[in-house]
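Q: Each chain, letter by letter, is given below.
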Amino acid sequence: MRSPQPASVWSRLEPLLGKVQKPARYIGCEDGAVTPVHTDSKVSWLLTYPDTYEVGLPNQGLQILYEILNERDDSVAERSYAPWTDLETLLRRHGIPLFSVDTHRPAGDFDIIAFNLSAELVYTNLLNCVDLAGVPVRSEDRRPEHPLIGAGGHAAFNPEPLADYVDFFVIGEGEEVISEITAVVGEWKRSGRTEGSREHVLHALALIPGVYVPAMYHVEYDGPAIASVTPRYADVPAKVEKRTIADLSAWPYPKRFITPLTEVVHDRLSVEVFRGCTRGCRFCQAGMITRPVRERPAEQVRTMISEGLRRTGQDEVALTSLSTADFSGIEQLLTNVVTDPTSCGQPTSVALPSLRVDAFTVGVAGQVNNGRRSGLTFAPEGGSWRLRKVINKLVTEEDLYGAVESAFSNGWTRMKLYFLTGLPTEQDEDTLGIGELARNCVSIGRRYTNRASVTVSLGGFVPKAHTPFQWFGQNTEEELRRKINLLRNNVYKAKAVQMKWHDPRASIAEGLASRGDRRVGRVIERVWREGGTFQEWGEHFRLERWESAMAAEGLSFDWYVLRHRTQDEILPWDHISAGLHKDFLWDDWQAALAEHGLEDCRWTPCYDCGVCTGYGIEHVVASPIPPAGGSQGTGQNLETGGVVPVRLQIGRRLERAESQEPDDVAVPEPAPQSAPQSAPQSAGSSA
Amino acid sequence: MKVRIRYSKLGKVRFLGNLDVTRIWERSLRKAAVPVAYSTGFSPRPRLSFGLALPLAAGSIAEYVDIEFATDVPLEGLASRLSEALPVGFDVMALAEKFPGQVSLQEDVVACDWELELVGMSQAQASDAVSGALAASELLLERERKGERSTDNVRHSIESLSIQSAERMVLAARLATVGRGLRPAELVGVLFPGLEDITETVRSVLRTEQWIERDGARQELLPVPAAVVAPTELVGA
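Sequences listed follow chains A and B, in order.
Residue 349 in our numbering sits at position 222 of the first sequence, with consecutive numbering throughout.
Residue 124 in our numbering sits at position 122 of the second sequence, with consecutive numbering throughout.
Everything labelled a hint here was simulated from the structure, so no lab data went into it.
Just so you know, nobody snuck in bad clues.
Each computed SDA-like pair below joins lysine to any residue, with the alpha-carbon atoms no more than 20 Å apart:
#1 K382/A <-> T162/A
#2 K4/B <-> Y40/B
#3 K146/A <-> R185/B
#4 K146/A <-> G19/B
#5 K149/A <-> L217/A
#6 K149/A <-> A59/B
#7 K146/A <-> E188/B
Take the sequences, apply the hints, and build the full model.
A: See the structure below:
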């Protein structure tokens, strides 16, 4: 019944590649790539990153699933990335569909096209890729011969804006659930994908824990508000709970790292040292939806690094996580990596993304830097201690200045400081505090080098689903712009302080896609139909497209983006669960407004956010002792709950006793409550 | 110890740029665990030196790289070790120890052989263009470099030119590389003026040889041993 198509589009694609920019991103051939054999008994997945190859290739989630699916005997997987606009034009002109880079197979030949959604502004690219695959963009128009369209990744935690376009979403981690999906889709494939069978396979997928099939749910509206979300079948769960792997060490992937032949954004070996983060930063969706903390045993990390370096010939390894300095025994691990003889005695450098802001961390960074001291990045996020308590990024000024002093005194000359603006309760003095911090950092640096400079990077805050800030009304474009200008005027005369900022217009579109409901889908479709692809790329983003699409659909930015939401309101993603109790998030939102910080639950008693208790899982760490210098102590009298639910890795049982005594664990400095008042002391603050 | 290596670049990897190829060699040498010498200083780099750049999308069975090793490496088996570590499409075809004092690849090479597959014209058309060019004493080409336009007589850069026709119609050319030289795309522009899209006329470009001069005589930079069959199945693939 399915029309026979050539197994590869390469012969038709090849003559076009001489006419496009960077053709190397379409050839595949990478180290670690496979050439899978497709058979009727294997479910074929096309794992697609809806942005360019350079951005998508390093994505670890996609690489992990690619490898697991190709190891199984009931599935094969290939990869695809969004073609850049020049190639897209040629593909459409010559009638060539979206293709895999592995064997250049047409996307429509796969059983499943599964998208990684790392961010919201790629949504129009998802529609474009589906369309380029020759598949109807709306789920309701698809027939049995069309592939199933799936999606996963962090942005899938609010799947509703794409509910009419994606057949199924994976909520949470994919390592285990992909085998259950493969089984259901394999059944469908063997049944011959007969007329009307799509409804059956979608229903069956909806019964898999962690899989959300939007078509199985009916949404009632009450004006602009949501009145109810109801499953269409009795056996379909009213709430879809995320999937979480209990033990990261059971999944030592990737083993066959995909090493690109051409330049990509991160061209290095990436080894995930732990998953999840309980620092509890309230703006951070990743930290909320990936709980609990699960460390990979140091021994396994070492094996993955040495095997990976040997296999790929890479000379740089990144130890990835949401806060790598929090890894138990990070210093020992780095010592081992740097002195590892398996890297042929050739220089191997280590990258540590997502560093904490403190002097200890700088020491760690200095350990791995091979004498290279170019730039170092810290993310205090808020310009005052008061605001940092609101957002629960409990970095004290002493932490920051200690980190900066340590960095400058160890030979670094350039610091980059990341901040958010448009945060809840933010006042102009918080924004101006950023300038104060930057100037003070330069003053510290000047004691060590005349070349000391600080770059402030300012991003507009976009509230995300499943965070305590999900009820917060985002700042308007004008307000974000005003704050950016306030800071620009404050720092433009300051010596050696540079400033960069994100386009506040893009933050508005991102806000819409982040907290939208199903009705926003038509807006995304309109933007795509008007040519609005690659919205993460400044040269392609135009807010006017989004504004006119909103107007055409009769929807308002005010409702979706700018207003504060109420406690009793049904949020579009309330039937999706990251395990966090809505009460916990609301209480944390109220604590934020009360400027009340919350310590990391890894090393303090449980706050019962709901994840560990609800899913019967625990933190997995090698040590219950907080890392040296990991200051997140506020000195506040925090309400405490039950015992710390920490599962220690094997061989570390002795330390368990210590974990029972929170007082032994604390290394906090008393909170400098007067931090904001200290600002006027520095010269030049009124510049 | 320095080694000169001749290798191929065929098939899909033709679309990799010269910087990509440099990175791939560095990584492949680490994969093969061959002890490459590194430069000293702030940011140590492996000591690799490449020959004349290859145009994007052109294939080649005559690419060259000189590599300095940190210690003496047995040449026996080195070619297959390296080919295995390199991506598909790259194969080591010949290698030899480079003698001290031998000049760099870029300085040494005087001419390259090219094969261009022509489409969308009759053999008579192609042959006429070739004989016309060979008969001419002056072939003017307008080109730009570093923002400066110039009109050059490129006739002396064409050392030989012929149409070889079997299943495919192939333009074989030996083009000088000394001075400003002449690139294959420029040759096509001179032979067939007024083309809007060169890819409609030239289906594939292959570099087949690089030549040096010794005592007034031309010789191959590094001949391919008789035992090595050029991996032609990827040609034009």
